[in-house]
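J.: The listed protein sequences derive, respectively, from chains A and B. Residue numbering for the first sequence follows the working numbering, starting at 1 and increasing by one per position. Residue numbering for the second sequence follows the working numbering, starting at 1 and increasing by one per position.
No lab work stands behind these hints: they were computed from the structure. If you're wondering where the values come from, they're calculated on a predicted model, not measured in any experiment. A hint or two may mislead.
[Unchecked claim] Cβ pair distances, simulated, as ranges:
1. B/Ala81 with A/Pro208: 17 to 27 Å
2. A/Gly101 with B/Gly36: 40 to 50 Å
3. A/Ile202 with B/Asp172: 56 to 66 Å
4. B/Glu116 with A/Pro155: 52 to 62 Å
5. B/Asp139 with A/Ala137: 56 to 66 Å
6. A/Ile202 with B/Gly313: 50 to 60 Å
7. B/Asp139 with A/Lys134: 32 to 42 Å
8. A/Leu12 with B/Asp172: 51 to 61 Å
9. A/Pro208 with B/Asp126: 22 to 32 Å
10. A/Pro208 with B/Gly313: 45 to 55 Å
Even glycine gets a Cβ: it sits at the ideal position worked out from N, Cα and C.
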Amino acid sequence: MWQKSKPYLLLLPATGTIVLLFFGGLFDGLLKSMGYFPAIGEVGFSFDAYTDLWNSSSFWSSLGLTFRVAFLSSIISGLLGGVLAISLFMLHNSGKNKGAGLWHRVFQLPLTIPHLVGAYVIVLLFMQSGLFSKLFASMGLIDTISDFPVLVNDPFGWGIILTYAWKEAPFVSLMVYPVLMRIHGSWRDASRVFGANNRQFIREIALPVMMPSWTIAVFIVFVFTFSAFEVPFLLGVTYPNMLSVHSYQLYTSGTLADRPEALAINLVLSGLTVILGLIVYYFSKRWNVLKGWQ
Amino acid sequence: MKELRLDQIEKTYSKTAANKTESFGLRSIDLTIREGEFFSLLGPSGCGKTTLLKLAAGLLEPDSGKVWYGNSDLTATPPEARRFSMVFQQPLLFPHMTVADNTAFGLKMQKVGKKERLEKAEAMLDGVGLKGFYHRFPDELSGGQQQRVALARALVANPRVLLMDEPFSALDPGLREEMRELLGRIQKELGVTILFVTHDRDEAFELSDRIGIMRDGRLLQVGAGTELYEKPVSTEIAAFLGIKNIILGNIGEGRFVSADGAITMDVKNGEPEGERFLILRPEALQVADGNIQVPGDAIRIKGHVLKVKFLQGFYTAIVQAGNHELECQLFRGQSEQLEAGQQVEVFFSQCDVRFVME
Numbered sequence: 001m002w003q004k005s006k007p008y009l010l011l012l013p014a015t016g017t018i019v020l021l022f023f024g025g026l027f028d029g030l031l032k033s034m035g036y037f038p039a040i041g042e043v044g045f046s047f048d049a050y051t052d053l054w055n056s057s058s059f060w061s062s063l064g065l066t067f068r069v070a071f072l073s074s075i076i077s078g079l080l081g082g083v084l085a086i087s088l089f090m091l092h093n094s095g096k097n098k099g100a101g102l103w104h105r106v107f108q109l110p111l112t113i114p115h116l117v118g119a120y121v122i123v124l125l126f127m128q129s130g131l132f133s134k135l136f137a138s139m140g141l142i143d144t145i146s147d148f149p150v151l152v153n154d155p156f157g158w159g160i161i162l163t164y165a166w167k168e169a170p171f172v173s174l175m176v177y178p179v180l181m182r183i184h185g186s187w188r189d190a191s192r193v194f195g196a197n198n199r200q201f202i203r204e205i206a207l208p209v210m211m212p213s214w215t216i217a218v219f220i221v222f223v224f225t226f227s228a229f230e231v232p233f234l235l236g237v238t239y240p241n242m243l244s245v246h247s248y249q250l251y252t253s254g255t256l257a258d259r260p261e262a263l264a265i266n267l268v269l270s271g272l273t274v275i276l277g278l279i280v281y282y283f284s285k286r287w288n289v290l291k292g293w294q
Numbered sequence: 001m002k003e004l005r006l007d008q009i010e011k012t013y014s015k016t017a018a019n020k021t022e023s024f025g026l027r028s029i030d031l032t033i034r035e036g037e038f039f040s041l042l043g044p045s046g047c048g049k050t051t052l053l054k055l056a057a058g059l060l061e062p063d064s065g066k067v068w069y070g071n072s073d074l075t076a077t078p079p080e081a082r083r084f085s086m087v088f089q090q091p092l093l094f095p096h097m098t099v100a101d102n103t104a105f106g107l108k109m110q111k112v113g114k115k116e117r118l119e120k121a122e123a124m125l126d127g128v129g130l131k132g133f134y135h136r137f138p139d140e141l142s143g144g145q146q147q148r149v150a151l152a153r154a155l156v157a158n159p160r161v162l163l164m165d166e167p168f169s170a171l172d173p174g175l176r177e178e179m180r181e182l183l184g185r186i187q188k189e190l191g192v193t194i195l196f197v198t199h200d201r202d203e204a205f206e207l208s209d210r211i212g213i214m215r216d217g218r219l220l221q222v223g224a225g226t227e228l229y230e231k232p233v234s235t236e237i238a239a240f241l242g243i244k245n246i247i248l249g250n251i252g253e254g255r256f257v258s259a260d261g262a263i264t265m266d267v268k269n270g271e272p273e274g275e276r277f278l279i280l281r282p283e284a285l286q287v288a289d290g291n292i293q294v295p296g297d298a299i300r301i302k303g304h305v306l307k308v309k310f311l312q313g314f315y316t317a318i319v320q321a322g323n324h325e326l327e328c329q330l331f332r333g334q335s336e337q338l339e340a341g342q343q344v345e346v347f348f349s350q351c352d353v354r355f356v357m358e
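Bound-form chain B, shown alone (with noise of 0.2 Å):
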């Protein structure tokens, strides 16, 4: 198999006197993604991302560590060398050249002869919804149109590993869905290996095999989607994906009890003793009333309704419980019953908790 293995992969920037931002590094990581395998790595800006993927590519040399290509040591290869592509936040495509020319410049730079190479680049181009724009100049085509030439001039030039950099970022929500439509298709279709680089949630989750959660230079944790929302190893990736029921309390003697007494639950055997965040899915979380039966073993907490929320299709309700402000999902019935100052019970299962050290 051909992975890309980023080993014990160390970096840092010094603070300095011209710049005055803080010191920063990337601490020891390990990452292999999988031949074929659509990769994301999703954290807020600054966090080192686009540091890691500029590794992979060869544009900045790491302090320590190895970056493999399958069996081969690619640390001290050029980028020119490497046979990668990148697909940038900008499209960054050379004025001068029409689109076509754009398209197959990183076949250019490999000798094809110029007749295959813009077959291919036309070929791609169509691939990408821009059949006939292949004269045109990138200052005619919108930023979208100029956004898919880059894709193409990515693929085209049939690379070991595709790598992006927040690529969709700088387009208006309309487009970088249909842009997220055609990777996603594109990517199954070609199978090319992508490491992509987002801040957005759900373009990693929508997009992704699999996962990888970065802060302050550190790569958290690593997973599919669904294992890392569902079972997140840190409250800190639990923050990062949007859960907000993070309750901090102890567990001894079998049962869990908040800081504040307000949530007790029996927890699982073998559930280590101690100081523990108990982590609550908003999903998970429901509100009790008539039409819904609640399961014998869920674990109830009584409390009173703050505020009902709707978002993009979703109503919440912010539930006061002791100190805690709980987040749960609600049936579009019931957002019509609740209002602010109600008494309610909420209840969750015993399968939907997840407990954590930090």
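Chain A on its own, in the form it takes in the complex (with noise of 0.2 Å):
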């Protein structure tokens, strides 16, 4: 009894201390938002945040920015991680493993560098005073560097979704370049003598051996943006803003009032998320294909 027992109450101090913090701000956080809020004497449930919530035409705003940027960080990056790792695993084939080593290092750069880091150098290179605008002024390709799109603190949502993209392009690299490694080296010769050229092996091999870990990662970027505070805080505009940073902005608005507003937001995200995990989950079972490999 004491020998089954034992692993599990050695964890107990780490899972304590994680379910209190965790499912405790989870659980508190669901309780404020439904109006309990003993500290302005609020005792009573109600659900006045959420409609409010869904009355509130910034809410919803945000939410269509949040959708915006995550999708098009998710995407932007899936594709050129797609095309990392494709290219990486074609250098890899065709003999040069020092090469394609190589550059898998120099690829993963991005994911060493923290994210509020990562948004600075895109201030520093997109913004209209920054580098690229005064390269491009310096050769002619605009008159003065306030020619330069707005990419940077822009209510699109430019600059978040740069950062997001030259950051997460490395993840999506990293989790889709050991699949395809995972390709029979002969498998490319067996295509080729079966009539593939390179562009069909990539479409009819490479491809559908990377796309249920593409959409995974793809996924999991998504997720990961849909619900991120530090760059959208510091490369986005007042209005309108992320839902983090408008649960942010909220919560710390200086009165008490608006709390249970600002809690429904991050429930909200948190219910979104869980959706979004669930969907990851379902495709990532539908699409468990990979069987047979040698």
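With the hints as a guide, dock the two chains, each given alone in a separate frame, to form the complex.
T.: Right, dumping it as structure tokens:
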């Protein structure tokens, strides 16, 4: 009995802390979002905060922006990451293993850089007084630096999208590349003798093989960017702002009365994240067709 | 005639620091495979037969020499444009495709419409005994079934030449036998030209119209199975084909005398003089007993039995004659009469003798 329960008891301090902080915080947030807030004398339950959100145009603008930024970030980083992984795979297959290894390390570099630093890099490169605008102006491509498009702190969210695309593309390639490397080396030979050129090999063999892990990687990026805070906070505009920033601003607005709404946003975000997680799970189960690897 | 011709093909792999193996090269290979022929490259592991096959497929580029198909020079043609097919040692089926899609892969690359290619693939799968397996995935098949799919995939593409790289070596003996029969039957039905690589003598002899024997990057001899076995051009080939009776001696004044003087015989007119190896097939050498009438012109050798062996239906006696251990095949009745140490006389006919220089 002792032997059986010993590992669980040893894990208890860690799991207890996680449960208390994570689920405790979530539960506290749920209570407060439903109006139970003894600090301001509210002890009843209501869905007022959710109703307010439903009727708030700024919430819907923020939700729209959040979806747009998360969708474009994940798609762009997914495409970039996929192209990176396939390029590395083809480089490796062409017999240039050393070159593939080196490029793999170079492409992984953005993974080591914190998101906040990544955001600053985008600011320095893409703002109107940034490196690229000056470079374009000196090359004569634009007349003045103010002609450079507004890509940072713009209402569309391009700055945020660029940052996440740059940061997460290596993550996608990191998820996909090992799957591609499991492709039997002789499959290329087999496909070639049956008439497949490089393009057809990628389309018929490499893409179907990488698609399940690529989709999951892109979903992970989507879920992450959907609720991420620091980059939208740094590179976003005042209105509309992403849901995480909107929630933070409501929470720190100075009046405790706004807090239930702020927490309701967080719970909506959490709920949507869980739904997205279930979608990922559904597809990962459905696309688990890579049986028979040798 | 659309024949596959390898003309003065050479390929060298250098010894490198990373690859600590010895340098290896194919040396000036000339080979012609006729249309509709089943040709086998036979040789031990590492002799260069797979390299030669890959050169024919275009998966490797030769250092020098040409690959011809009919009057077309294919040397610079990439493998995807040669319209050859290949069956590898492993089935190499694509796991995300069904059996039918795997089989139809070559046709898809040839831009054959979906309906037509799937019909052809299913017909070919029926031909290799996989009726009804169309919608399964490769991991739902046994090793033998997977190799059948690989064979169907190669055949359905209607290749100009089918290249096969030891396709049955990973299968168990029963299955291998079954696959050989299937391949032999299909090759006769379709008349496809096959270049087959194997290190299995039985496989090569059972299936091939002609065989090329390779060793150390050289093509030693090409011919029909019986020709190679009965008339090997060197001791190397004889030894590879399992002939152990190879006796060094000298020919002079119309007689062959073995180095130890134990075996002497008259030789045919015209046999060149000098140091020679006498090659005697085990079935050409017989033990003389009361039941066998020894021909008058037979060559007789005295010796004693070292041991009697039984191997897959054949009895063999090892007879010590001088310094030589001669292997001779026995009839069933003979094996029961012989025992180790027994003095015997073995004989062979002049026409079964083969002399080679090296």
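J.: Looking back at the hints listed earlier, which ones does the structure fail to meet?
T.: 3 and 7
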